[in-house]
Amino acid sequence: GENSAICSSVSCNFTWAQSVTPYLVSVNPTSINGPQTLTLMGQNLATSNSITTADIHVTIGGEQCNVTSVSNSSIICDIGNIQIGDYSVVAS
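For the sequence shown, the numbering used here gives the first residue as 396, with consecutive numbering after it.
Hints are supplied without guarantee of correctness; some may be wrong.
[Claimed, not checked] Label-pair restraints from in silico Cβ distances:
1. D450 x I479: 27 to 33 Å
2. S406 x I427: 28 to 34 Å
3. V405 x N467: 17 to 23 Å
4. T410 x N444: 18 to 24 Å
5. S414 x S487: 34 to 40 Å
6. Q431 x S406: 45 to 51 Å
7. S404 x P424: 50 to 56 Å
Don't read these hints as lab results, they were simulated from the structure.
Given the structure is predicted, the values throughout are model-derived calculations rather than measurements.
For glycine and all other residues, C-beta sits at the position ideal for the given N, C-alpha and C.
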């Protein structure tokens with residue numbers, strides 16, 4: 396299943412289910428020094444068999460992480476040099 400919205404001309408009904416909502420649970424390694432391959436673990440990351448690496452975008456502190464592999468439970472990407480600091484990881 397998928398999360399979905401069904402709209403008529405008067406109202407919308409939104410259906411949400413945690414069982415199909417993608418989410419991240421970990422990023423490994425948790426610290427890097429120089430270019431590195433990262434593994435993002437989660438659930439429902441690629442629920443459709445037609446999802447490819449081109450469909451997934453990962454940024455770390457605004458820097459693009461090149462996605463090389465994607466499955467329903469993991470995303471693998473390569474990040475280049477990034478300044479020292481704590482960063483948000485965004486997958487879309």
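Tested hints:
1. D450 x I479: 27 to 33 Å: Distance hint for D450, I479 holds at roughly 31 Å.
2. S406 x I427: 28 to 34 Å: For S406 and I427 the Cβ distance comes to about 48 Å; the hint is violated.
3. V405 x N467: 17 to 23 Å: 37 Å, violated
4. T410 x N444: 18 to 24 Å: 22 Å, holds
5. S414 x S487: 34 to 40 Å: Violated, at about 20 Å.
6. Q431 x S406: 45 to 51 Å: 48 Å, holds
7. S404 x P424: 50 to 56 Å: 52 Å, holds
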